[in-house]
Amino acid sequence: MAAPLVLGILVAVTVRAVLYRSSLAGFISERVEVASPLNAWKRVVEGLALLDLGVSPYSGDVFHETPLIIYLFHFLIEYSELVFMITDVLTAVALYLAVQDFNKVVFKKQKLLIELDRYASDVAELIRTPMEMHYIPLKVALFYLLNPYTVMSCVAKSTCAINNTVIAFFILATIKGSTLLSAIFLSIATYQSLYPLTLFAPALLYLLQRQFIPVKLKSKDFWLYTTQYAALYLCSLVVIVCLSFFLLNSWDFIPSVYGFILSVPDLTPNIGLFWYFFAEMFEHFSLFFVCVFQINVFFYTIPLAVKLKEHPIFFLFIQLAIISIFKSYPTVGDVALYMAFLPLWSHLYRFLRNIFILSCVLIVCSLLFPVLWHLWIYAGSANSNFYYAITLTFNVGQILLISDYFYAFLRREYYLTHGLYLTRKDGTEAMLVLK
Amino acid sequence: MAWAVAAVLGLLLLLGSPGGCGGSPGPPRDSLREELLLSPLPSGDIAATFQFRARWDSELHREGVSHYRLFPKALGQLISKYLVRELHLSLTQGFWRTRTWGQPYLQAPAGAELWVWFQDSVTDVDKAWKELSNILSGIFCASLNFIDSTNTVTPTASFKPLGLANVTDHHLLRYAVLPREIVCTENLTPWKKLLPCSSKAGLAVLLKAERLFHTSYHSQAVHIRPICRDASCLSVSWELRQTLTVVFDTFSIGQGKRDWSLFKMFSRTVTEACPLASESKIYVDISSKTQENELLEVTPPPLSVHEASVQGDRRTYAVYDLLSPLLFNVSRSLNVQLKWKRPQDSLDLSTPVLHAQRYVSGYGLQTGEISTLIYNTHPYRAFPVILLETVPWYLRLYVHTLVITTKGKENKPSYIHYQPAQDRRRPHLLEMLIQLPANSVTKITIQFERALLKWTEYTPDPNHGFYVSPSVLSALVPSVLAMKAEDAEKSPLFTSLFPSADGSSYFVRLYTEPLLVNLPTPDFSMPYNVICLTCTVVAVCYGSFYNLLTRTFHVEEPSRGGLAKRLANIIRKVRGVPPL
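Here the protein sequences come in this chain order: A and B.
Quick note on numbering: the numbering used here labels position 37 of the first sequence as 37, and the sequence is numbered without any gaps.
Quick note on numbering: the numbering used here labels position 173 of the second sequence as 173, and the sequence is numbered without any gaps.
Next up, chain A with everything else stripped away, as it sits in the complex (with noise of 0.2 Å):
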């Protein structure tokens, strides 16, 4: 398995590299929908040259990146393009081997409930076999890697490849049942977006399943574990702060970062929703709006816990797919990162009901962003409502992708557990609804 993974890399850097020599390059790294304001490569050299001016980064409203940030490019700066094809080769790679875990754990657990009897009789077309999941790992990495959308973004070198790296590693490490790790990862995560804390949960309930904790709140044990979990994250990324403090002795990158990911002053359009909504909004409501807005992207983490509690991985997706879709400053390198998901949960595609349209939605979207950029801004023949429709477009059909594969994913769960040739009392084919 190793070898063709090998080879997807070596395609990939090609690819990547190709385009990094073409005029391609600039015209890349100038498009809204792959840079935005809190990664894009400008500003990151915008930054270090006001360092190097003896100017605080922070003190103006150009540069929102982490101090970490500062710290690798201050060196590495020369080797941009390396280190971003490297974060890609990395994120694949870290992808392959979590899923390849999975993949085991998954199979394990399907053993399980069919040795306990919990199937039901005539669901075996449902039950996954080895032979089927031989090539997902590989089909993540390639999926993750050959992406235009994770092209685009590491030819524009957007952080946003450095921020994937990051959760992929702490994906890994969650798959791996590292408890240590994990929340290392997940504390330089959010450290990072602040929007990976709501995968505190999943991870949590995944490394509960592992160590056999059942998720009872009356269990000691429960407790005992959700504490430890907590502690490590938040002490570690209390560490991190406080080692972002010493670059500048100042606490300046707190609300440049976070207040900036927060309260969304910049309208910068971008693949979003939120730009258009604030450029229109009537003063009184703003903050209303924001506070509306930004809670609707941590208020799906409870409830998809209860209903997902045993299906953390699912969970988990399903979390990532939601803070892609409602960040403040989505790119399409966030899209790439829970796409690259998709080839796991293949063998719910005969569940999927709308998954033609969507992905004509999906792609004809992604087609017309450059477009009607081009004719607002270039052209001046259409105006800022082109662009926001397909703004809206492509968030629809993100958004219809997601609840279609949560919908087949439950209409399986349903399935092996009550069989998959339901009748009625009295003997006809039964339809399945959602009461």
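Treat the hints as calculated values from the structure; they're not laboratory data.
Keep in mind it's a predicted model, so treat the numbers as computed, not measured.
Mixed in with the good hints, there may be bad ones.
[Claimed, not checked] No more than 30 Å apart at the CA atoms, straight line, and that leaves these computed lysine-lysine pairs for DSSO-like:
| hint | chain 1 | residue 1 | chain 2 | residue 2 |
| --- | --- | --- | --- | --- |
| 1 | B | K208 | A | K42 |
| 2 | B | K407 | A | K42 |
| 3 | B | K565 | A | K435 |
| 4 | B | K264 | B | K339 |
| 5 | A | K307 | A | K111 |
| 6 | B | K160 | B | K192 |
| 7 | B | K412 | A | K42 |
| 8 | B | K73 | B | K490 |
| 9 | B | K454 | B | K407 |
| 10 | A | K216 | A | K435 |
| 11 | A | K108 | A | K218 |
| 12 | B | K339 | B | K208 |
| 13 | A | K42 | A | K216 |
| 14 | B | K412 | A | K425 |
| 15 | B | K409 | A | K42 |
| 16 | B | K454 | B | K127 |
| 17 | B | K193 | B | K208 |
| 18 | B | K339 | A | K42 |
| 19 | B | K264 | A | K425 |
The hints should help you fit chain B onto chain A, whose structure is shown.
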């Protein structure tokens, strides 16, 4: 006993009398000088510069002053209340074309410009600045109340005090420009009211709005600064200069002819000097490039001729002293007329040593580039220039794209001060000290990104564009001939605008053009629609997830059929057809 009482009484009388101990010298002296300078420009136009200088030997900050004579009370109270050390306000319409008109005496940027040095005893400079700009807005009927933190900067190297200064902590300086400000009669009237003779006597009778605003360039300014009272400089006087510069265009006013007269320009003539003025003069620039014959014939013939070295050039001026009784001997009114003796050839055009140009390049509404070209036409001397750029926050400058090239090679500035902008709080400030080699063009380029603003932050005409205030170039230009420092009181006012350090160079402050930049606009008719549509998308997600999280799968129970099915079955039974 009686002699003791008498002695005490005498002592009391001595102490009580107002001229008793110490002896206050009486009300402070003030003097007014007024002056008009007519300078024909190489392109055939004519520039008229009025200067009214009121000098008051009083220390406004220390003594409680209540008796104002020549110094206007409005400004005097302003200075003492806000502890102002220097104040410079200018309102300008038009742009001084340095390349066709030559170097200006005192250039001002298009729009309104205000810069103030406060005393070091001021505790909250920003608060004083805000109140000061609001009060000036009321005094001059200009919308200076739009000066706030988004267009105010604190320069570190430019705008050093023009008057006496012992403390130069640049945190006491504030500078703001409003490039969109329009100057009109409404601003001229309160400016004229500050003059002691108003517009009733002296040179101010020429200031009629209908003629003054029919010009290519109109700039009125107020400069207040402390100066030395005398040569020993032990005490401080306050100087208020009100200057007004207009340039009459040869084609629209002159009807194509280059002959000018006071009547043709102002539709008025001068009949008397201001009775309150200690000096009232009209200077006409009659200097010529060649010494043999003069270019200009001035009538009535001037009583005296004054030679001065101004901006590195030796110039000759015809002087009309309105206070001298000989002037109004022949006629009651003075109408100075200028006639060109021979056709002017364009060789008379002398390129100014330092001039600059600025423009925006790039296409589309996403990015752009600001380029400034600075020309040093001095044949052999290089000199440094300080460039001050204030760019509003919504044009995000990228200082790593700053490139300065001279003659194809990179030119590194010896001093850079860059203060990045904060969104909606303060603008970008870029100050650089650049060395200009002799006979060269220096190009400074910096790239920017245009921001999308909230819909309420656009002006009512958003597609007009947004103004970027002119950049300021300050330099000590080396002069060809050595100028000796003349006594400020005896030399004409136009030579003593800027304090000169030594005779080998003169100070010049130039402004470039303001820029007009378009920003991408949202659709202003759509706030409700946008809110509804975006909330709908969020609700789609919420609804789908709510359904999937709270509902479970059930096998559908057969129902007896809906109403439509039952009705259809009834009809079928009537027809005799089997039911559904």
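Hints, one by one, checked against the model:
1. B:K208 - A:K42: Violated, at roughly 54 Å.
2. B:K407 - A:K42: holds, 28 Å
3. B:K565 - A:K435: holds, 23 Å
4. B:K264 - B:K339: Holds: K264 (chain B) and K339 (chain B) sit about 12 Å apart, inside 30 Å.
5. A:K307 - A:K111: holds, 23 Å
6. B:K160 - B:K192: Distance of about 28 Å is within 30 Å: holds.
7. B:K412 - A:K42: Holds, at about 22 Å.
8. B:K73 - B:K490: holds, 27 Å
9. B:K454 - B:K407: violated, 43 Å
10. A:K216 - A:K435: holds, 27 Å
11. A:K108 - A:K218: Holds, at roughly 28 Å.
12. B:K339 - B:K208: holds, 24 Å
13. A:K42 - A:K216: Cα-Cα ~49 Å, so violated.
14. B:K412 - A:K425: Violated - the C-alpha atoms of K425 (chain A) and K412 (chain B) are around 88 Å apart, more than 30 Å.
15. B:K409 - A:K42: Holds, at roughly 25 Å.
16. B:K454 - B:K127: holds, 27 Å
17. B:K193 - B:K208: holds, 13 Å
18. B:K339 - A:K42: violated, 61 Å
19. B:K264 - A:K425: violated, 109 Å
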